[in-house]
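Listed in order, the protein sequences are those of chains A and B. In case it helps, UniProt numbering puts the first sequence at residues 1 to 261. In case it helps, UniProt numbering puts the second sequence at residues 1 to 261.
None of these hints come from the bench; they were simulated from the model. Fair warning: there could be bad hints in the mix.
List time: in silico DSS-like cross-link candidates among lysine-lysine, alpha-carbon distance up to 27 angstroms [said to hold, decoys possible]:
{"hint": "1", "chain 1": "B", "residue 1": "Lys109", "chain 2": "B", "residue 2": "Lys159"}
{"hint": "2", "chain 1": "B", "residue 1": "Lys190", "chain 2": "B", "residue 2": "Lys226"}
{"hint": "3", "chain 1": "B", "residue 1": "Lys103", "chain 2": "B", "residue 2": "Lys225"}
{"hint": "4", "chain 1": "A", "residue 1": "Lys103", "chain 2": "A", "residue 2": "Lys225"}
{"hint": "5", "chain 1": "A", "residue 1": "Lys159", "chain 2": "A", "residue 2": "Lys199"}
{"hint": "6", "chain 1": "B", "residue 1": "Lys210", "chain 2": "A", "residue 2": "Lys170"}
{"hint": "7", "chain 1": "A", "residue 1": "Lys159", "chain 2": "B", "residue 2": "Lys61"}
{"hint": "8", "chain 1": "B", "residue 1": "Lys199", "chain 2": "B", "residue 2": "Lys159"}
{"hint": "9", "chain 1": "A", "residue 1": "Lys170", "chain 2": "A", "residue 2": "Lys222"}
{"hint": "10", "chain 1": "A", "residue 1": "Lys61", "chain 2": "B", "residue 2": "Lys163"}
{"hint": "11", "chain 1": "B", "residue 1": "Lys61", "chain 2": "A", "residue 2": "Lys61"}
{"hint": "12", "chain 1": "B", "residue 1": "Lys100", "chain 2": "B", "residue 2": "Lys210"}
{"hint": "13", "chain 1": "A", "residue 1": "Lys61", "chain 2": "B", "residue 2": "Lys100"}
{"hint": "14", "chain 1": "B", "residue 1": "Lys103", "chain 2": "A", "residue 2": "Lys210"}
{"hint": "15", "chain 1": "B", "residue 1": "Lys163", "chain 2": "B", "residue 2": "Lys129"}
{"hint": "16", "chain 1": "B", "residue 1": "Lys103", "chain 2": "B", "residue 2": "Lys226"}
{"hint": "17", "chain 1": "A", "residue 1": "Lys210", "chain 2": "A", "residue 2": "Lys159"}
{"hint": "18", "chain 1": "A", "residue 1": "Lys61", "chain 2": "B", "residue 2": "Lys170"}
{"hint": "19", "chain 1": "A", "residue 1": "Lys100", "chain 2": "B", "residue 2": "Lys61"}
{"hint": "20", "chain 1": "B", "residue 1": "Lys109", "chain 2": "A", "residue 2": "Lys61"}
{"hint": "21", "chain 1": "B", "residue 1": "Lys129", "chain 2": "B", "residue 2": "Lys109"}
{"hint": "22", "chain 1": "A", "residue 1": "Lys103", "chain 2": "A", "residue 2": "Lys210"}
{"hint": "23", "chain 1": "A", "residue 1": "Lys170", "chain 2": "A", "residue 2": "Lys225"}
{"hint": "24", "chain 1": "A", "residue 1": "Lys163", "chain 2": "B", "residue 2": "Lys159"}
{"hint": "25", "chain 1": "B", "residue 1": "Lys103", "chain 2": "B", "residue 2": "Lys163"}
{"hint": "26", "chain 1": "A", "residue 1": "Lys199", "chain 2": "A", "residue 2": "Lys109"}
{"hint": "27", "chain 1": "B", "residue 1": "Lys210", "chain 2": "B", "residue 2": "Lys163"}
{"hint": "28", "chain 1": "B", "residue 1": "Lys210", "chain 2": "A", "residue 2": "Lys103"}
{"hint": "29", "chain 1": "B", "residue 1": "Lys210", "chain 2": "B", "residue 2": "Lys225"}
{"hint": "30", "chain 1": "A", "residue 1": "Lys222", "chain 2": "A", "residue 2": "Lys190"}
{"hint": "31", "chain 1": "A", "residue 1": "Lys61", "chain 2": "B", "residue 2": "Lys159"}
{"hint": "32", "chain 1": "A", "residue 1": "Lys109", "chain 2": "B", "residue 2": "Lys190"}
{"hint": "33", "chain 1": "B", "residue 1": "Lys61", "chain 2": "A", "residue 2": "Lys103"}
{"hint": "34", "chain 1": "A", "residue 1": "Lys225", "chain 2": "A", "residue 2": "Lys109"}
{"hint": "35", "chain 1": "B", "residue 1": "Lys163", "chain 2": "B", "residue 2": "Lys109"}
{"hint": "36", "chain 1": "A", "residue 1": "Lys61", "chain 2": "B", "residue 2": "Lys103"}
Number of protein chains: 2
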Amino acid sequence: MASLILQIFFLAVTLATSQGSPLSHYPLQMHLLRSKWGSGGHHVPGMSCLSWRLAVETNNKIGWSTVPEECEDYVGHYMLGSQYREDSAVITDEAFAHAKTFKLAGDGKDIWVFDVDETTLSNLPYYAKHGFGAEPYNSTAFNQWVFTGEALALPESLKLYRKLLSIGIKVVFLTGRSEDQRAVTSNNLKNAGYHIWEKLILKSSSYSGKTAVFYKSSERAKLEKKGYRIIGNIGDQWSDLLGTSVGNRTFKLPDPMYYIS
Amino acid sequence: MASLILQIFFLAVTLATSQGSPLSHYPLQMHLLRSKWGSGGHHVPGMSCLSWRLAVETNNKIGWSTVPEECEDYVGHYMLGSQYREDSAVITDEAFAHAKTFKLAGDGKDIWVFDVDETTLSNLPYYAKHGFGAEPYNSTAFNQWVFTGEALALPESLKLYRKLLSIGIKVVFLTGRSEDQRAVTSNNLKNAGYHIWEKLILKSSSYSGKTAVFYKSSERAKLEKKGYRIIGNIGDQWSDLLGTSVGNRTFKLPDPMYYIS
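This is chain A alone, in the form it adopts within the complex (with noise of 0.2 angstroms):
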């Protein structure tokens, strides 16, 4: 059964991404250069919400508040879905082979920057039970949240961790929560695996109207005055990799759900 369900999945997507595009009869042209299948021309529906997503993650869309109503449900299937995991777990990969051939000076200065929300831990239970983004952000309710101290682990982030630490790699957490919230994270972290860190660094309120961009990079900067070398930065958000002393690379994790600038 889900052999046949796969097949059918696999003859709808060819049949689905070989139609033409609704918008001219340009992609039409490009047809010829491979056989039909199809009628061609339809628009399928719901197909917005990949491109809404893809705009996202790639930093064409800033600035946005909720996620489009009609992509909640497809949001929501992506982040309980297995493409989330997997799209994770290729960029984490990615950094560990980054990690590994980087040449470590072995003093002990070398770190990886960790954002914690949608990097380190999940904080799916909260947003399925808000519309994956698709609600306005509460942060009264949120931070109740973040004080129950049971965001998930996100198990790729866990496993770069571990595999980073392995190899003399220390990891430094930088997050946007507030320094009130230095206990909770601490266990959050701790129960959820990560038992060990150089530093915890969370948002004093000197920064209180900064943006997350502005605060990290100073932070970043601080770490760099000490002595530090940033290896890799690793986070959810564009703004936790924009802006200075960003790093020697940065990895961006897919985060469908909200947008800090």
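Dock chain B against the given chain A, drawing on the hints supplied.
Below, chain B alone, put in the same frame as chain A:
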């Protein structure tokens, strides 16, 4: 019939994306948040190409020379199907929304930088005959193709080009094509519908051996020195968009076929 196929397609997608990952038991835990469909835990063959493409488009995978052999069909279907077109449309719409809201000086110095290959012109007829990037790059064969002058307009880019001109933004083409390809490129652009431009910048031999990031950053800096303001910058390669003088905002079009550093 088409409707039935689509129904089967979405049923199959729903089933496939709601399955747990084969990598561990972790996603099954997540599935408690929503009802389960299917038997779960089965790997969906071919899905890794989706992850590969996402990693490429997000600049997580860099420095690769060919599309993985097992992804040739996947990339071919993507490039020839409607998804490539729809992904591009979301990005060019976003680009124009940016241009429209940007406060233009209106002194003829507001420009938009377009890369050429796979941004303005499509070489898909060539790549369709060369494994969609799965064959190693052959500069002789590719340059022969360039000299035919038969590259096609990318329809969403052409629309963006026209809309930008209509609000008074001038267009600069900045391409990695070499100076000796000026005439054929110029004719090809015109035949494809791009009739006017402020500048067409090709790679002079003085940049030989330099990266695209260096070449394009240098040329953009020269434009700024001449008083131009780069309102936007669009390309299919991250090397079109990284570096310096990148412009007020950058836009990354899809290209899973090749990588230029």
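Where does the structure disagree with the numbered hints, that is, which hint numbers, in rising order?
-> 6, 12, 15, 17, 21, 22, 24, 27, 32
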